[in-house]
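Asker: One-letter residues, chain by chain:
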Amino acid sequence: MATTRLSRDSREDARLVKGCREGDARAYELLVRKYQDPVFSIAYRMVGDREDARDLAQETFVRALEGIDTFNIRMPFRAWLFRICTNAVIDHLRKYGKVRDIPVEMAVAAGAGPFDGGECAVVIEMPGSDTEIPENISVANETAVTVREALMDLPEHYRAVVVLHHMEGMSYSEISRVMEVPRNTAKTWGHRARALLCDTLEGVV
Amino acid sequence: MSVSECERASAAIEEFGDGELGRAKWLLLRRHARRCSRCGSYLGRMKIVVRALDGMNHLEAPGDLEETVLTCLERACAPGAVSIFSTEGVHDHRNLFLVAGAAGLGLAAVALAVVRWALYRGRDESLAPIAPA
Ligand SMILES: [Zn+2]
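Going down the list, the protein sequences come from chains A and B.
First residue of the first sequence? That's 1 in the numbering used here, and the numbers climb one at a time after it.
First residue of the second sequence? That's 206 in the numbering used here, and the numbers climb one at a time after it.
One or more hints might be untrue.
[Stated by the list, open to error] Chain B side only, calculated, beta carbon under 8 Å to chain A, not exhaustive:
id, residue
1, ILE253
2, LEU258
3, GLU265
4, ALA266
5, PRO267
6, GLU271
7, THR273
8, LEU278
[Claimed, not checked] Sample of chain B residues facing chain A (criterion: CB under 8 Å; computed from the structure):
id, residue
9, ASP223
10, TYR247
11, VAL254
12, ARG256
13, ASP259
14, GLY260
15, HIS263
16, LEU264
17, VAL274
18, LEU275
Hints in this document: simulated from the structure, not taken from any laboratory.
The C-beta atom is built at its ideal place from N, Cα and C for all residues, glycine as well.
Extracted from the complex, chain B is given alone in its bound form (with noise of 0.2 Å):
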């Protein structure tokens, strides 16, 4: 069986997966997957999985769905509401947590470099060579 045959047929099953398969090709795919086992093989577990897939029917919502949406819908265009997916008072909170930290660590930096700076002074003082007489 020559590649470029069995390259046409994938081609051609793909285009089958699709829907797109015109009759003519159709029937060259046919006859070459029945002299070809390896591309019969690929064409019937295809045709397996578009039945599954197209199978696939819509589901019926749940019954209250449109009320719940509605309601919800309600209570954002409410005056002065604010709408149940919106993240802005939640970041309102975390920008006024984030500077506070912030804050809180910079006094804490000043605090401990001022100690320092007495306690390294008081040292160096004590340690200070004794000037000759």
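The following block holds chain A by itself, in its conformation from the complex (with noise of 0.2 Å):
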């Protein structure tokens, strides 16, 4: 795997990940802390279930520092603690039942874009430039849900990249570290969740 340049942030990770190694119990603590929120959130939007969210972000750290001394430490450490989160998650849904796969029709569904879609004209803005006024926020809050729903019925790997991606902002190189496929592979991923997002919206907006 190739190794890149590392950020400040993630030098300040090699710091702490040094410092478990050293047995440094204040190093682990400030790992614990600085990730929780992510990881539990990656794990929530994932599983949809607090208390599950829960037990996994706790698998993922006792996993992760359990198994810190075989971290390359040139790697950013965000990117194998997610790697171990979403593997825990997908692992769970497998154990569960919750797990899809990718069935041949959605992904021919997905790439079929616009054309299967409806007819309905809408106004169309530069990207961020919408018009805040109240009954558009809460036609948007209720699309939010509806879309947030549909997000639970997308199969986990697309889900996972979706996360990941809005959620943490992170780019699809980084998501293909994450999830250990080709980049185009998780771009890929990302575009027929997104496209599936859409067609569930058909109908209702």
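Hints in hand, dock the two standalone chains.
Answerer: Structure (structure tokens):
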């Protein structure tokens, strides 16, 4: 696996990892404190259950900190930790039968893009320039709930890419490192996931 | 509306979803979407999806998560302790049961073979043709 130039944040993580390896309890504490919210959030966005997410976050940290000696210190700790988290979540979903494979028909439908869509016209504005009048905000809230519910029905790999990209702001290169797949695969999963989410809004908006 | 124009628009909508659409491409897409209802509809839905996904914030982890993790680690790191996620012990027991089960089955098979041999031996002797005098 290729190594990357580490950011200041990653260098700080590397320092903490070194501390953990030397048995510094304070370093463990700081790493857990720093990453507990994102790890819990990833788990929650993927399983949709607070208690399960809590257990999975706990499992992630224990697995990571027990295996800290196997971590390649030249890689970003965040990506490594998130990999452990997504693997734990996917294992959990498999174990409890909530996993969804990627059916061919879904991939085909996703690839079809807009050409299978409805005919309703919408007002198009530049991204981020929407008017925030109250009725628009309430409609936006309702549709946001619809979208997030539909997210839970996506195959788990699609869901992971979407969560890492939109919630964690990770690039597809970073996601490919987390999910151990080529960058283009991660990107394709992201596109298909969003196309499927768009499909769920047909007839709703 | 030409298919290639709609295909270009579709690719631009995907880039928009990725947050990577430049201003020039955005203007072209917007112009197309105003004239093409299908692409306009798709772009409208994509905007809603992106807004909903970008609005997913970090949740606050449960207050006792940090403490629980550190307690687990302390327990796992204690001298002679077995990690809470280790399955070695489970596998050892499982192997022991498998060996005992296989040995039991083997013994039963041998006993059955001996009984069958003894029974058939007796029957064969009683049914043996009487040799002419
Ligand atoms: Zn079009």
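Asker: Now tell me if each hint is right for this structure.
Answerer: Outcome of the hint check:
1. ILE253: Since chain A brings a Cβ to about 5 Å from ILE253/B, closer than 8 Å, the hint holds.
2. LEU258: holds, 4 Å
3. GLU265: The hint holds - GLU265/B has a Cβ within 8 Å of chain A, the shortest such distance being about 6 Å.
4. ALA266: Hint on ALA266/B: holds, closest Cβ of chain A at ~4 Å, below 8 Å.
5. PRO267: holds, 5 Å
6. GLU271: holds, 5 Å
7. THR273: holds, 6 Å
8. LEU278: Holds, about 6 Å.
9. ASP223: Given a least distance of 7 Å, the restraint on ASP223/B holds.
10. TYR247: TYR247/B check passes; min Cβ-Cβ to chain A is 3 Å, inside 8 Å.
11. VAL254: holds, 5 Å
12. ARG256: holds, 7 Å
13. ASP259: Interface hint status for ASP259/B: holds (5 Å vs cutoff 8 Å).
14. GLY260: For GLY260/B, the interface hint holds, since the closest Cβ of chain A sits about 6 Å away, which is under 8 Å.
15. HIS263: Cβ of HIS263/B sits 5 Å from chain A, so the hint holds.
16. LEU264: holds, 5 Å
17. VAL274: Holds: closest Cβ of chain A sits about 4 Å from VAL274/B, inside 8 Å.
18. LEU275: Where the cut-off is 8 Å and the nearest Cβ of chain A is about 6 Å from LEU275/B, the hint holds.
Of the numbered hints given earlier, the model fails none.
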